[in-house]
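Undergrad: Letter by letter, the chains look like this.
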Amino acid sequence: MKIVIMGCGKIGTTILSSLVAEGHDVTAIDENMEVVNELSNIYDVIGVCGNGNDCETLSEAGIEKTDLFVAITGSDEMNMLSCFLAKRMGAKHTIARIRNPEYNDQSLGFMKHELGLSMAINPDLLAAQELFNILRLPSAAKIETFSRRAFEMIELKLKNDSALDGISLSELRKKYDVKLLVCVVQRGDEVYIPDGNFVLKSGDKIGITATPSENMRFLKMVGTMQKHARDIMILGGSRTAFYLAKMLISSGNSVKIIEKDHEHCIELCEQLPGAIVINGDGAQQELLSEEGLASMDAFVSLTGMDEENILISFYAASQNVPKVISKVNRDEFAYIAEKIGLDTIVSPKKIISDILVRYARALQNSEGSNVETLYKLMDGTVEALEFNISNECPVINTPLKDMKLQPNTIIAGIIRGRKTIIPAGNDMILPEDKVIVISEGRRINNIADIIR
Amino acid sequence: MNRRMVFFLVGQILKAEAALLALPLIVSLLYKESGYLSFLITIGIALVLGFGLTLISRPKNKVIYAKEGFVVVALAWLVMSAIGALPFVISGSIPSYVDALFETVSGFTTTGSSLIPDVEGLEHGILFWRSFTHWIGGMGVLVFVLAVIPNFSDRSIHLIRAEMAGPIIGKLVPKAKQTARILYLIYIALTVIEMIMLLFGGMTPFESAVHAFGTAGTGGFGIKGDSISGYSPYCQWVITAFMLIFGINFNLFYFILLRKIQVVFKNGELWAYFGVVAVCTGIITFNIMPLFEGFSEAIRHAAFQVASMITTTGYATADFNQWPELSKGIMFILMFIGGCAGSTAGGLKLARVIILFKMIKKEFNRMLHPRSVNVVKLEGKQIDAPILETTGVYFALYMISIILIFFVLSFEPFGFTTNFSAAVSCFNNIGPGFDKIGPMSNFSCYNDFSTIVLTFAMLLGRLELFPVLICFSPSTWAKK
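Protein chains in written order, with the numbering used here: chain A, 1 to 452; chain B, 1001 to 1480.
Keep in mind the hints are simulated off the structure, nothing from the lab.
Since the structure is predicted, the reported quantities are computational estimates derived from the model, not experimental observations.
Each computed DSSO-like pair below joins lysine-lysine, with the alpha-carbon atoms no more than 30 Å apart:
| hint | chain 1 | residue 1 | chain 2 | residue 2 |
| --- | --- | --- | --- | --- |
| 1 | A | Lys87 | B | Lys1177 |
| 2 | A | Lys419 | A | Lys179 |
| 3 | A | Lys2 | B | Lys1266 |
| 4 | B | Lys1381 | A | Lys2 |
| 5 | B | Lys1177 | A | Lys376 |
| 6 | A | Lys2 | B | Lys1177 |
| 7 | B | Lys1266 | B | Lys1358 |
| 8 | B | Lys1266 | A | Lys87 |
| 9 | A | Lys157 | A | Lys256 |
| 10 | B | Lys1062 | A | Lys339 |
| 11 | A | Lys201 | A | Lys376 |
| 12 | B | Lys1032 | B | Lys1224 |
| 13 | A | Lys65 | B | Lys1266 |
| 14 | A | Lys2 | B | Lys1062 |
| 15 | B | Lys1060 | A | Lys339 |
| 16 | A | Lys87 | B | Lys1260 |
| 17 | A | Lys112 | A | Lys65 |
| 18 | B | Lys1260 | A | Lys2 |
| 19 | A | Lys112 | A | Lys87 |
| 20 | B | Lys1260 | A | Lys92 |
| 21 | B | Lys1177 | B | Lys1062 |
| 22 | B | Lys1381 | A | Lys65 |
| 23 | B | Lys1060 | A | Lys376 |
| 24 | A | Lys10 | B | Lys1177 |
| 25 | B | Lys1381 | A | Lys87 |
| 26 | A | Lys2 | A | Lys376 |
| 27 | B | Lys1260 | B | Lys1381 |
| 28 | A | Lys419 | A | Lys376 |
| 29 | B | Lys1177 | A | Lys92 |
| 30 | A | Lys220 | A | Lys175 |
| 31 | B | Lys1177 | A | Lys65 |
Build out the structure end to end from the sequences listed, making use of the hints.
TA: This is the structure in structure tokens:
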């Protein structure tokens, strides 16, 4: 597919690299010549230097034959205008990053329609949603939801004294009577799609798929259930913090936001009447203690600096805050931070690149099935996908045990109407099901790709 | 330095060469010649080495940087030439390996200088291989390999950049593999069209293929002692036209295919190219009028020789050694200029010449108005300072190399004209020179040492200096 990406900052580059890895023909537009040169040296893309609101630049990038145009510069207005132009000049689908809260209200639908946008993405809002999900179930390192929360996948890090240490998966199923599937295990740098004989060890990061209630029950049984976070401290008054606070307050939590800038504090105070806004430097431990860090249920570090987020998070963890989440944008830092012990790290650009990869894959295959949801897990080596099954699918009406699946691929769940099934050998995929597939080291575009 | 990846790629290239050697093998079998054995043996050696290398050095890490790109290209060309010389030696066509290597490098680098005294006595298979090396070397072997093997690295642009000639090399489409394919498709299509047109001119299929290969790669190996002189005026005009076509930047053909004609018309390099050709042809035509019967003959010979020199092909329809000094002087200058960037032609490349002139103008401006701000533009776009710098350094290195080669050749007992034109001709990948190595004679007069120097000169010129010279820098081969 031909994709044009305008704006190659942090998020733009992440999107670009994952779309190139998907095998698309990508053209990058940026106003900075050096950025364009550097990108075309590192990735297999063509670079165009220029302003994306200039028709000439767009046509140089071959906009007439473009399937997907993504505008991801720092300016919402520029993104909107260039998407509008791109659409008028022949791009089939357009996606704009629109992050200003003023645009992200009721008027967004109208604007999307009038500008012909296929999708408007708001990284801050998406990051806030992810954070909100995590805070809902603090025992898990991460939660990904499928099919409007009918099904979810939680990532769990096994602590040293974990009850699951040393038991195999078939024993686990016997011991705890829950309907779930351990579908992926990360041990060190290796990632496994485990079978029944796989023995869990402490230190593993495991991915479990089940319905939310089953997951909850399981966590209670193994004794890692933490109570729902009630008192939450947010460091940094960014847009993500604003969206997150809004969501948390409306679901009845108490939120404390610490922000350096006084003007900004006043603004936040105005917009978030339910929150306590503190003006001060979060890097000061004195201030954090004074505001009762130790008695918090959760601490979320959302400043603009990765380093600050990581270090303050470590401090919070040392103060025995049960749940510490840090926003880390740079992949290298996220990797290191996870290595040295921070368990929950959120990267907004990763969330967006997952969404775009999914969107591009869904565009690519219109026949048979389409990708409803896509998550990249365990440093991007594993994919969890949700497919809508149609009548013409080649995999329907065959018992799973007769299906020859690709290696390192499993069917983790089937959602049929309101019923969710953890599939066993005799289960079948029927038309109009939703199927969740987990796959390692393989790109799955279509549900038909899972069979050999 | 990712050595595994470098050797892996060299192995891939050997495999590709083995595949390409199948063509002359088929020709040899069709003509029922004894030379087919030499091709079979060579294919065997290339396959064993190729598979050996790729198996031993299966790379864990497939990342290549600019440095690896340069080294791969230089090594690949050396190894390819070393293997490509084998059929000549095994079949006995050229008994000495050094001479065979010269002939092969001359082929791959699209020079077209020959050491063989009696070309007409060679077997068809050997002649075919000799000309086919032009065709392979014209667009580049790595570009070919990139077009064929599955995507292996995001950074494969470094390979194209190291192998294609010109100051600025960009991609046509986002994917390097796709770009390589488009370039080769255009190349193949143009070659086939020329072959068909030559067939209409009364050439045999074999002759038309050989000459189309020689023109496409802007090489210049003929199969007759007197080059193209013996063919009909129609054939000569066809070859003239195609030599000029293959001297044009291939990106422009892609734009024509996309129907973006206005881009082609706005291309300054193209206009300069045709301008130089027209002016030089005009002057030479009037200069050589007395030598020929009538205007049409004079202009035909003038145009042919001008096209042959500026595109660095090296075919000849007349012995320009006998022409007046003015004409010879113009031809000599054309040898330096070369064709457009991104074509199969050698030489300095017109784009570089244009940049150099603009740099001179800028420097003058700065002398006159020390505070003035000047920007060098090419095709309406500003050229970055690093590219300007590289162009300047390239020109300096280019001149130094020619002078050094000339100096080494001076040990031979030939005149200044012969030696200097030999250095210029080999370095710019043209083929014939003046005096003793004129279009109707060959390079067999040089001894082994000079032959090796000239072989090296051809490689330096084709790969545009840097890839070869970088291999001599110790830090290139350092572990880190």
